[in-house]
Amino acid sequence: MSTTYYSEDHEWITVSGDTAIIGITTHAAEQLGEIVFFEPKDVGDEFDKGDDIGVVESVKAASEIYAPVTGEIVEANGELEDNPGKLNEDPEAAAWLYKIKISDASELESLMDADGYKALIA
Amino acid sequence: MTKRTPLYDLHIEHNAKMVDFAGWDMPIQYSTGIMAEHHQCRQKAAIFDVSHMGQVVLTGEDVGAKLETLCPQAYATLKEGKARYGFFTNEQGGIMDDLIVSNAGDHFFVVVNAALRDQDIPHMRDNLDGVSVTEIHDHALIALQGPASEAVLSALLPGAADLKFMETLQAPIDGVPCRISRLGYTGEDGYEISIPETEAIRLTKLLLEHEDCALAGLGARDSLRLEAGLCLYGNDIDQSTTPIEASLGWAIQKRRKEEGGFPGASVVQKQLAVGAARKLVGIRPKGRAPARAGVEVQASDGTKIGSITSGCFGPTADGPVAMGYVDAAHAAPGTPVNLLVRGKVNLAEITTLPFVAQNYKR
Numbered sequence: 001m002s003t004t005y006y007s008e009d010h011e012w013i014t015v016s017g018d019t020a021i022i023g024i025t026t027h028a029a030e031q032l033g034e035i036v037f038f039e040p041k042d043v044g045d046e047f048d049k050g051d052d053i054g055v056v057e058s059v060k061a062a063s064e065i066y067a068p069v070t071g072e073i074v075e076a077n078g079e080l081e082d083n084p085g086k087l088n089e090d091p092e093a094a095a096w097l098y099k100i101k102i103s104d105a106s107e108l109e110s111l112m113d114a115d116g117y118k119a120l121i122a
Numbered sequence: 123m124t125k126r127t128p129l130y131d132l133h134i135e136h137n138a139k140m141v142d143f144a145g146w147d148m149p150i151q152y153s154t155g156i157m158a159e160h161h162q163c164r165q166k167a168a169i170f171d172v173s174h175m176g177q178v179v180l181t182g183e184d185v186g187a188k189l190e191t192l193c194p195q196a197y198a199t200l201k202e203g204k205a206r207y208g209f210f211t212n213e214q215g216g217i218m219d220d221l222i223v224s225n226a227g228d229h230f231f232v233v234v235n236a237a238l239r240d241q242d243i244p245h246m247r248d249n250l251d252g253v254s255v256t257e258i259h260d261h262a263l264i265a266l267q268g269p270a271s272e273a274v275l276s277a278l279l280p281g282a283a284d285l286k287f288m289e290t291l292q293a294p295i296d297g298v299p300c301r302i303s304r305l306g307y308t309g310e311d312g313y314e315i316s317i318p319e320t321e322a323i324r325l326t327k328l329l330l331e332h333e334d335c336a337l338a339g340l341g342a343r344d345s346l347r348l349e350a351g352l353c354l355y356g357n358d359i360d361q362s363t364t365p366i367e368a369s370l371g372w373a374i375q376k377r378r379k380e381e382g383g384f385p386g387a388s389v390v391q392k393q394l395a396v397g398a399a400r401k402l403v404g405i406r407p408k409g410r411a412p413a414r415a416g417v418e419v420q421a422s423d424g425t426k427i428g429s430i431t432s433g434c435f436g437p438t439a440d441g442p443v444a445m446g447y448v449d450a451a452h453a454a455p456g457t458p459v460n461l462l463v464r465g466k467v468n469l470a471e472i473t474t475l476p477f478v479a480q481n482y483k484r
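Residue numbers (my numbering), protein chains in the order written: chain L, 1 to 122; chain F, 123 to 484.
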């Protein structure tokens, strides 16, 4: 049983127990344009909610990814190194960024559900 | 309130993403995206709206010779029907702006950067005695760029193929009087066309009817010019960089190098004789991470030797490309350097410019 939340910084986070998968939203990918590079943080890195946890670069600009919750990086999506363009094709599924361990599940309460996020970007 | 070019409605019609550029509401890209627009220009033909740039007419006696007092270019001997890239220099030899000057016969036609028209026009009025300096406000300027440009324009202007690189002429396109110059800033063959504003959308749409022609925005224009090794004013060149430091010595003709007679000539001539302390070079990051303006360039031992002034992912180069200034001792092509990107060292190499071979029709 998993639940997906969305952040104001345009990330999604799908939570199952104390682990989660995070990525950028389709809206974010559209705003960035063609993504040419993803620079992940290292596995094992711990981060606070709001920390920068990697960078995606389009032809034009570099944009930081902000952690939607506090946690630790368990795995980075290695496929994005060779094929960052996948972030434009399938940002909310195959082109996930990290699997993480969540430190404080109560932080999820400050995030939005799908309808809330839809309203944000409308 | 940002200004709109005569092509504004066309941009909106084509779903452009508009941004404020030097006070102008300009298309950064259309729905096709920067990458596709970049390839469109390299492979076929693309039209850019560059109407935000300042178009200026100079009339009077000996305009070319008088321009030589402000620019290090040989404009006194610029033949009728020819255009030449150049720049205004300051007393320190720094570049005030870069520009294209065309000898149109009964006048000179000058195109300057959008952000600097308010500097350049008074500069010319104050210093060109007996020359009338008039900005043209009622003309659009479009750049038709790419290997198919000649075919695209020939459909409307049968003589288009006869014009050679850096030549200019006044001619009607579908009955509309236009100034057509075979030049641009993408490294590709192409034309810049000055069109009366009321006809700009109609003529641009006529050009777009060609199957090989599509609109492209400022985003693609930036990656194209960077791959072509062309400087962007405000990034790669400014008041503090001399033409010699900027590797623009090729744009100063031999007579002017020898005779001087332009602002900052002593500085430029000294650098020509003994070399400049720093040089603008191409920098090719290894790997896929782009290195952008402001990134520190280090020698292999970690000492700072310069910084990047322009950097992006080059769609045709299929990898990151950059330009920047480094100490002359480290400027030789092939020199390995380190780039400090977000606190991490990325390896790179000094290279010759351009990254993508220029494709002009000489």
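I should point out that these hints are in silico values taken from the structure, not numbers from a laboratory.
Glycine residues also receive a C-beta, built at the ideal position from the N, C-alpha and C atoms.
Among these hints, one or two may not hold up.
Pulled a few chain L residues facing chain F out of the computed Cβ check, cut under 7 Å [to be verified]: (1) 33; (2) 34; (3) 36; (4) 37; (5) 57; (6) 59; (7) 60.
Taking 7 Å as the limit, does the beta-carbon of residue 57 (chain L) come near enough to a beta-carbon in chain F? Hint holds; residue 57 (chain L) Cβ to chain F Cβ min 5 Å, cut 7 Å.
Restraint check, 7 Å cut-off on beta carbons, for residue 60 (chain L) near chain F: 5 Å, holds
Under the criterion of a CB-CB separation shorter than 7 Å, is residue 34 (chain L) in contact with chain F as hinted? 4 Å, holds
Hint validity - residue 33 (chain L) Cβ closer than 7 Å to any chain F Cβ: 6 Å, holds
Cut-off 7 Å, beta-carbon criterion: hint that residue 36 (chain L) touches chain F: 4 Å, holds
Taking the least C-beta to C-beta distance, is residue 59 (chain L) closer than 7 Å to chain F? 5 Å, holds
Would the hint on residue 37 (chain L) stand, with a C-beta cut-off of 7 Å toward chain F? 5 Å, holds
Checked against the numbered hints given earlier, this structure breaks none of them.
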